[in-house]
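**Q** Here is what each chain is made of, one letter per residue.
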Amino acid sequence: MQRIRMALLAAGVVAMAMFAFASPSSAEGETELRHDVHECIEQLEAANSIDVDCQAAPNPMVPETNEVIWGTVGFVIVFGAIAFFGYPQIKKAMNARTERIASDLAAADSQKAEADRLVADYQAKLADARNESARIIEEARQTADGVRRQLEAKAQADIAEMRAQAAADIEAAKSQALADLRGEVTSLAIGAAEQVVQRNLNDDTNRALVEAYIDQVGASN
Amino acid sequence: MFALEFPPLSHIVNWPGIAGEGAWWEINKVVLIYGIAALLTILLFVLGSRKKALVPTGAQNFAEVVVEFVEDGIARETMGEAGVKYTPFLISLFLYIFFCNIFEVIPIFQMPATARIAVPLVLALIAYVVYHGAGLKAHGFGYFKHALVPPGVPIALLLLVIPIEFVSKFLVQPFSHTVRLFANLLAGHILLVTFAVLTSGLFVLKPYLPLAILPAAGVVVFTAFEVFVSLLQAYVFTLLTGVYINAAQSHEH
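Those protein sequences? They're chains A and B, same order as listed.
The first sequence maps to residues 1 to 221 in the working numbering.
The second sequence maps to residues 1 to 253 in the working numbering.
Keep in mind the hints are simulated off the structure, nothing from the lab.
No residue lacks a Cβ here, since even glycine has one placed at the ideal position from N, Cα and C.
Check before you lean on any hint, since a few could be wrong.
[What the hints assert, rightly or not] Among chain A residues calculated to face chain B with C-beta under 7 Å, some are:
id, residue
1, Thr-65
2, Asn-66
3, Thr-72
4, Gln-165
Start from the sequences and build out the full structure, keeping to the hints where you can.
**A** See below:
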């Protein structure tokens with residue numbers, strides 16, 4: 001689309017150039033005779049010759065009065081407008097921008113310095129906090145270790161106590177069981193001996209004999 | 001063989017009056033272009049200074065670019081810090097000449113106002129007054145010695161050198177300053193007219209019609225070239241003004 005537009009534009013420019021210059025006399029192509037042309041014809045007729053100066057084309061190196069006047073007026077107006085209005089205004093705007101950018105840069109510099117200082121502060125505080133937290137953690141760890149050790153020791157003591165208690169209980173139960181067993185065995189042995197000796201011995205004697213025997217057996221075990 | 005009738009020079013640069021035919025104030029196409037060029041220059045600065053945006057756009061941007069270009073690229077470049085005060089004058093020269101030139105490629109107008117000698121001559125004479133004035137202001141009447149007697153020249157040669165310097169600086173300089181601008185734009189205008197007339201001639205002569213593409217392409221290419229020339233000649237004229245002012249007011253040779 002853009003290319004087509006550009007091509008159409010170029011074609012338009014060429015066409016306009018061709019039409020603008022199509023006729024070599026486009027600049028002076030009036031149908032009515034100009035005043036100077038009319039004057040020249042009169043001069044030619046009066047002289048009855050073609051050697052009349054008026055036919056010569058104007059010298060391009062000689063400026064036309066009207067063009068000198070208007071050209072000067074145009075330049076003077078342009079110079080006045082630029083020197084007294086345009087240039088000072090534009091320079092003012094440019095200088096104001098330069099100053100604003102310079103002050104903005106200075107402000108940005110000081111703000112950066114402030115930000116750097118704050119960052120350094122925060123970093124220092126952060127480092128302090130890290131140290132503090134490390135200290136607290138270490139303290140807690142040590143306390144926990146102490147508690148653990150105390151608990152362990154207490155547990156060990158409890159275990160030892162419980163073990164001793166259990167051993168004592170076992171010993172007591174064992175003694176009781178042995179005593180019970182002894183009594184039972186004695187009764188059984190007496191009963192058995194009674195059967196064997198058929199009342200040859202009285203009960204007390206029998207018991208003494210059996211117990212003496214059991215003691216003997218227990219001592220040998 | 002093409003039966004081409006190339007228009008006489010006067011037909012492509014002398015324009016009939018639109019108003020006041022023959023009067024001292026006659027307004028023709030060239031005068032109209034002076035007016036439009038002046039209006040465009042003023043309009044550029046009016047629009048450019050109306051809003052003062054931090055980030056300039058449009059007319060403000062263009063006006064600032066021109067101010068910076070002329071101030072840094074021409075005034076400071078040719079005259080140093082002392083040249084900054086001439087910036088408004090140089091900007092006026094640059095823009096007025098550029099807008100007068102650029103009408104060469106603006107459809108319907110298609111006539112550079114500087115292809116007529118009046119404006120180049122007037123501007124060269126104003127520049128002449130400004131740079132000799134700057135010289136007189138800087139050196140007093142010693143300026144003539146400064147301008148005419150180059151240091152280190154043997155006294156015997158001064159008889160030869162002084163007239164040469166006088167002719168060169170006081171007579172030829174404004175003439176060359178004028179003609180450089182005027183002749184370049186006139187030549188460009190003639191070139192474009194030549195290609196256009198040739199295209200038109202081949203267009204009319206049916207058997208040669210396909211050949212018309214060549215001069216038509218010439219018109220397009222040289223129209224683009226004339227945009228460049230318009231800018232370049234405005235720059236050269238302004239730069240030379242700066243160089244002449246510097247040469248006149250500087251304390252070195």
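**Q** Indicate, hint by hint, whether the structure satisfies it.
**A** Going down the list of hints, with the structure as the test:
1. Thr-65: It holds, given that the least Cβ distance between Thr-65(A) and chain B is near 5 Å, below 7 Å.
2. Asn-66: holds (4 Å)
3. Thr-72: holds (5 Å)
4. Gln-165: violated (93 Å)
Consistency note: the structure conflicts with earlier hint 4 alone.
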